[in-house]
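Participant: Same order as they appear, the protein sequences are chains C and H.
Heads up, the first sequence is in UniProt numbering, so the first residue is 1 and it goes up one at a time.
Heads up, the second sequence is in UniProt numbering, so the first residue is 1 and it goes up one at a time.
One should not assume that every hint holds.
[To be verified] Ranges between beta-carbon positions, derived for each pair:
(1) H:E168 x C:M156: 24 to 34 Å
(2) C:K143 x H:D153: 53 to 63 Å
(3) C:E170 x H:P77: 33 to 43 Å
(4) H:M16 x C:P169: 47 to 57 Å
(5) H:N100 x C:D141: 49 to 59 Å
(6) H:V90 x C:S27: 26 to 36 Å
(7) H:E144 x C:D179: 47 to 57 Å
[Said to hold, decoys possible] With a Cα cut of at most 27 Å, we get these calculated DSSO-like pairs of lysine-lysine:
(8) H:K140 x C:K44
(9) C:K102 x H:K140
(10) H:K131 x C:K44
Hints were generated in silico from the structure; no laboratory data involved.
Keep in mind that this is a model prediction, so the values were computed, not measured.
Positions of the beta carbon are idealized from the N, C-alpha and C atoms, including for glycine.
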Amino acid sequence: MDLPRCTTDRLSALPDDILVSILEKLSSTREAIRASVLSRRWAKLPFQLPEPEISIMEFLPSDSQLYELRAAQLSRAMESFRGAVSTFTSRTGAQAKTRCLKIEFFLSDGRTSILQRLADKNNVGALQFAIRTTVSKAECDEKLMFRYARHFHEFMAATSSTFPLLTRPELKNLWFGSDDLVAALAMCL
Amino acid sequence: MAAPESGDGNNGAARMVTLISSDNTRFEVEAAAASLSQTLQLTILDGGGGGGDGIPLPNVDSATLSKVLEYCIKHAPAAANGGAPNATAVDRAELERFDNEFVNIDQSVLYSLIMAAHNLEIEGLQSLVAKKVADMIKGKSPMEIRRTLGFPDPTPEEQAEMNAHMLEYGWAYE
Chain C
1 MDLPRCTTDR
11 LSALPDDILV
21 SILEKLSSTR
31 EAIRASVLSR
41 RWAKLPFQLP
51 EPEISIMEFL
61 PSDSQLYELR
71 AAQLSRAMES
81 FRGAVSTFTS
91 RTGAQAKTRC
101 LKIEFFLSDG
111 RTSILQRLAD
121 KNNVGALQFA
131 IRTTVSKAEC
141 DEKLMFRYAR
151 HFHEFMAATS
161 STFPLLTRPE
171 LKNLWFGSDD
181 LVAALAMCL
Chain H
1 MAAPESGDGN
11 NGAARMVTLI
21 SSDNTRFEVE
31 AAAASLSQTL
41 QLTILDGGGG
51 GGDGIPLPNV
61 DSATLSKVLE
71 YCIKHAPAAA
81 NGGAPNATAV
91 DRAELERFDN
101 EFVNIDQSVL
111 YSLIMAAHNL
121 EIEGLQSLVA
131 KKVADMIKGK
141 SPMEIRRTLG
151 FPDPTPEEQA
161 EMNAHMLEYG
171 WAYE
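Taking the hints into account, I'd like the entire structure generated from these sequences.
Facilitator: Rendered as C-alpha cells:
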C-alpha cells in the first residue's frame, strides 16, 4: 500500500498526548509496547500511558486451564511478567509518567523482589494489585490454605513499603481471618 | 442548567453561532452543537460567536471544520440529554452506525480530525478517531503496522533498532 508522504508527516505532526490516546485504545499495554517499535519517538510513548496494566494471565499459554498449569508453564509466564513489570519500573525521572501501574499476579514465594523495587523507586505514582492463586476453591484444602497464608504473610512483610502505594488492592480466591485482613489494610494506610 | 433556546428544535429559534476556519470560511451552526467543544462552550456561554462576529479558529481548515461540525450536529441532541441516559436503543444504534461510517475515511483526514478534536476539546470525537487508528494497528506485526501507517520500509539502521526493541521487550512479543 502506497500512502502519500504527507500522511506520515501528518501522523508525525500529532503531539505525544494524542499518540498516547491512540495507544490507550489498543487491547493491552503489551500491544502498546509492540506498536512502539515504529520509531524512536514511538518507543517512548508507552511510558506516558497513565495506567499501564500487566497481568500474569496474559502470559499463560492460551490453551491452558488456570487450575491445571504445569510448573514449567508457570515459571515461563512469571519470567515474562517480571520482564513486563521491570519495563515500567526501571524507567526513572522525567521519562516515566506512570500514574498508576496495575498488576495482577499469583501469590507464591520467591517473587516479591520485583515488587519491593516498585516502592524503592519514585517512578510510579500509585499501584493497583490483583493477587490471585492457581488453585480452585474446591481443591484448596487446609494444607494449601496454610501454605498460602504463609506466602501472604511473607509477601506483606517483604513488600511492606509497597503497600502505602496501593490504591486498590484486590484479592481473588483468597480467604482471610479477620486479623490478617486488618493487618493488610493497616499496611495500606 | 436550563437551556430554553435549545428546546425541541422545531421552533426554528435555536441560538446560532458563527465559526471561522483558518482559510476564512464561515460556518453557522447551532450553539448546542458547537458547545460539544469544551473550548468553544466557554466562549459561547460568554455570549460570543453570535451576530456578525464569529469565532475565529486559526488552527482548523474548512475541510476539517466541516467534518468536525458534521459530528457535532449529529451528537448534539444526545449530549444535550446529559450523555443520553434516556436514549432509546434505536437512537444509540443509529449513532453507532453514524460513528462507524464517519471514521471510514482517509488516514490524513483522520489525523487532521483528531488534532482538531484535541484542540477544540471534543472528547467523544478524539476518542472515536483514536479508537479507529488503534483498530488499524491491532493484531499486526511491526512491519504490517509500518506499512499500514505509511512508514517507508526501514533502513538497515532502523531495522537494527527494531530488532533491539523486540529483544529488549521480548515479553511483549511472546
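Participant: Against the range 49 to 59 Å, how does the distance between the Cβ atoms of H:N100 and C:D141 compare: consistent or not?
Facilitator: 52 Å, holds
Participant: So the hint says 47 to 57 Å: do the beta-carbon atoms of H:M16 and C:P169 match that?
Facilitator: 53 Å, holds
Participant: Could one say that the CB atoms of C:E170 and H:P77 fall in the range 33 to 43 Å?
Facilitator: Given a distance of about 39 Å, which is inside 33 to 43 Å, the answer is holds.
Participant: For the pair supplied as a hint, H:K131 and C:K44, confirm whether the alpha-carbon distance does not exceed 27 Å.
Facilitator: 20 Å, holds
Participant: Against the 27 Å threshold, does the CA-CA distance of C:K102 and H:K140 hold or violate the hint?
Facilitator: Between C:K102 and H:K140 the Cα gap is close to 25 Å, so the pair holds against 27 Å.
Participant: Using the beta carbons of H:V90 and C:S27, state whether their distance is inside 26 to 36 Å or not.
Facilitator: 29 Å, holds
Participant: Taking the beta carbons of H:E168 and C:M156, is their distance inside 24 to 34 Å?
Facilitator: Holds - the Cβ-Cβ distance for H:E168 and C:M156, about 32 Å, lies within 24 to 34 Å.
Participant: If you check the beta carbons of H:E144 and C:D179, does the distance land in 47 to 57 Å?
Facilitator: At roughly 54 Å between Cβ atoms, C:D179 and H:E144 fall inside 47 to 57 Å, so the hint holds.
Participant: Hinted pair, alpha-carbon criterion (27 Å max): H:K140, C:K44. Please report holds or violated.
Facilitator: Holds, because 20 Å separates the two Cα atoms, which is no more than 27 Å.
Participant: Between the beta carbons of C:K143 and H:D153, is the distance compatible with 53 to 63 Å?
Facilitator: 59 Å, holds
Going through the hint list in order, the structure satisfies each hint without exception.
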